[in-house]
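This is what each chain is made of:
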Amino acid sequence: MSSMVVSHVLLWVAVVGLAVLVLALLRQIGLLHDRVAPAGALMGAEEPRVGEHAPAFELRDWLGRPTRVGGIDPAGKRTLLLFTSPTCPVCKELLPVARSLRDAETGLRLVVASDGTRDEHAPFVERHRLESEHYVLSEALGRSYQIARLPHAVLLDAEGVVRARGLVNSREHLESLLEADARGVSSIQEYAAGPDPKGTGRQVA
Amino acid sequence: MSAWADFLQAPVIQAIAHASLALLLGAAALHKLRNPHNFRATLADYTLVPTRLEPVFARLVPIFEATLAGLLLIPGFGPVPALAAGSLFILYGAAMALLLLRGFEVDCGCGFARGPQPIRWMLVARNGGFALVAGCAALSATEQPLAWLDLIDVAMAVGLSATLLAGFEQAGRNARRGRNLARSEGAR
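Chains as they are written, first to last, in the numbering used here: chain A, 22 to 226; chain B, 383 to 570.
Do not rely on the hints blindly, as some may be mistaken.
[What the hints assert, rightly or not] To spell it out: a stretch of chain B is covered by chain A in this simulated footprint if at least three of its residues, at any positions, have a beta carbon under 8 Å from a beta carbon of chain A; those stretches are:
#1 485 to 491
#2 530 to 539
[Stated by the list, open to error] Listed next, with one range per pair, are the computed distances between beta-carbon atoms:
#3 B:Arg434 with A:Ala96: 35 to 45 Å
#4 B:Val438 with A:Gly72: 50 to 60 Å
#5 B:Arg434 with A:Ser153: 19 to 29 Å
#6 B:Pro461 with A:Ala143: 40 to 50 Å
#7 A:Leu52 with B:Ile456: 36 to 46 Å
#8 B:Ser469 with A:Ala35: 32 to 42 Å
#9 B:Arg561 with A:Arg81: 16 to 26 Å
#10 B:Ala557 with A:Val41: 14 to 24 Å
#11 A:Glu147 with B:Ala392: 44 to 54 Å
#12 B:Ala387 with A:Thr138: 53 to 63 Å
#13 B:Glu487 with A:Asp55: 13 to 23 Å
#14 B:Pro432 with A:Glu180: 15 to 25 Å
#15 A:Val41 with B:Pro461: 24 to 34 Å
Hints are computed from structural coordinates only; laboratory data are not their basis. Keep in mind that this is a model prediction, so the values were computed, not measured. Think of the CB as a built atom: it goes at the ideal place given N, C-alpha and C, for glycine as much as any other residue.
With the rest of the complex left out, here is chain A (with noise of 0.2 Å):
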């Protein structure tokens, strides 16, 4: 075997070495990007800001049950309000995620909201099986909570207030809502840049 070929095959494998060095580098800085992502909701400025009344909204669902959001709920339950969009790939992947949740808490429900035409929607709910929850198609909903980017998710408590809202994208942004209104913070982020108000001692991660 002469020399050229030795080192035409040594070149070969230092180059695709290389390559996988670097993909592997690369995913790295991936995995670094999951750690240092907000680790609750991102909050914007949006109204009703938490703390405030929400509006009262009197909607009709998927399958035109009656579906009030905001206001005082009758049955005391707290409201986990969802904005998506068929087009959000994001929000396909929160929708499990956000009815676990709702089965996991007590008092809890859901309703996942947006806006269109239902012919634009109904793919869309054939799919995810969105009829069995409520399913709105509201614009004026969404303009009244200034809702600009998806997913956005707000939970309201059982009098209509809004106990905490922001971007999500992840179980963990989900979570964070119900941990801030368990805090009685009005995120993670304001939990963790502060002392504990209720003074659990846990942190944060």
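Keeping the supplied structure of chain A fixed, place chain B upon it in accordance with the hints.
Just chain B now, with coordinates in the frame of chain A:
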């Protein structure tokens, strides 16, 4: 021009083009077959296929891709598999371009990136590149047997191409996440 033609028709180059396309289509087919629900959802998002035909397309497309992948590796079928692969990449790119022009933001359903990957013009250009490779693979190779060193070249080149493609996809994803992080930092 003749030098380029000689280069593209070299047996090693032809083998690299065929094997790379086969790997690409095979991986795409495998991803769709392992996640049929997601692929059907992607078809619905694209809104270019009638709803009642979505189940049919969801089954046929990965089978077609896998068949093309196999045919690209078997000599004797002439330029047909390569031309069909090129047409498929052009079709996918055209579908993305149409949705981008309509202002849609949907997952590309590409399957190479980990996690959702929204359609963008870079992916349309990427598909154009794949179609070019398919066009090269449609050329006839000069009559020359491959030596064992040529086979090493083919294997290494295909491996390198796959690694570089995955690297570019990951780099794009990291860049998007970095921009989102910068925007969220600004929003605070």
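### CB-CB spacing for A:Ala143 and B:Pro461 relative to the 40 to 50 Å hint
With a Cβ separation near 43 Å, B:Pro461 and A:Ala143 satisfy 40 to 50 Å, so the hint holds.
### Query
Cβ-Cβ distance between A:Leu52 and B:Ile456: within 36 to 46 Å?
40 Å, holds
### Query
Quick one: are B:Arg561 and A:Arg81 within 16 to 26 Å, going by C-beta?
39 Å, violated
### Cβ distance range 50 to 60 Å for B:Val438 and A:Gly72, holds or violated
Hint holds: Cβ distance 53 Å, inside 50 to 60 Å.
### Message
Range first: 32 to 42 Å. Now tell me if the beta carbons of B:Ser469 and A:Ala35 are that far apart.
### Response
37 Å, holds
#### Entry: 8 Å C-beta criterion, at least three residues: is the segment 485 to 491 of chain B covered by chain A
holds (count 4)
### Task
For the range 15 to 25 Å, tell me whether the beta carbons of B:Pro432 and A:Glu180 fit it or not.
With Cβ atoms ~47 Å apart, the hint is violated.
### Query
Are B:Arg434 and A:Ser153 spaced within 19 to 29 Å by their CB atoms?
23 Å, holds
### Task
With 53 to 63 Å as the target window, see if B:Ala387 and A:Thr138 comply at their CB atoms.
Cβ of B:Ala387 to Cβ of A:Thr138: about 55 Å, so the range 53 to 63 Å holds.
### Query
Is the gap between the beta carbons of B:Arg434 and A:Ala96 within 35 to 45 Å?
Taking Cβ atoms as reference, B:Arg434 and A:Ala96 lie about 40 Å apart, which means the hint holds.
### Message
Quick check on a hinted range of 13 to 23 Å for B:Glu487 and A:Asp55, using CB atoms only.
### Response
For A:Asp55 against B:Glu487, whose Cβ atoms are near 22 Å apart, the range 13 to 23 Å holds.
### Message
Looking only at beta-carbon atoms, does the pair A:Glu147, B:Ala392 fall within the given range of 44 to 54 Å?
### Response
52 Å, holds
Hint check: violations occur at hints 9, 14; the rest are consistent with the structure.
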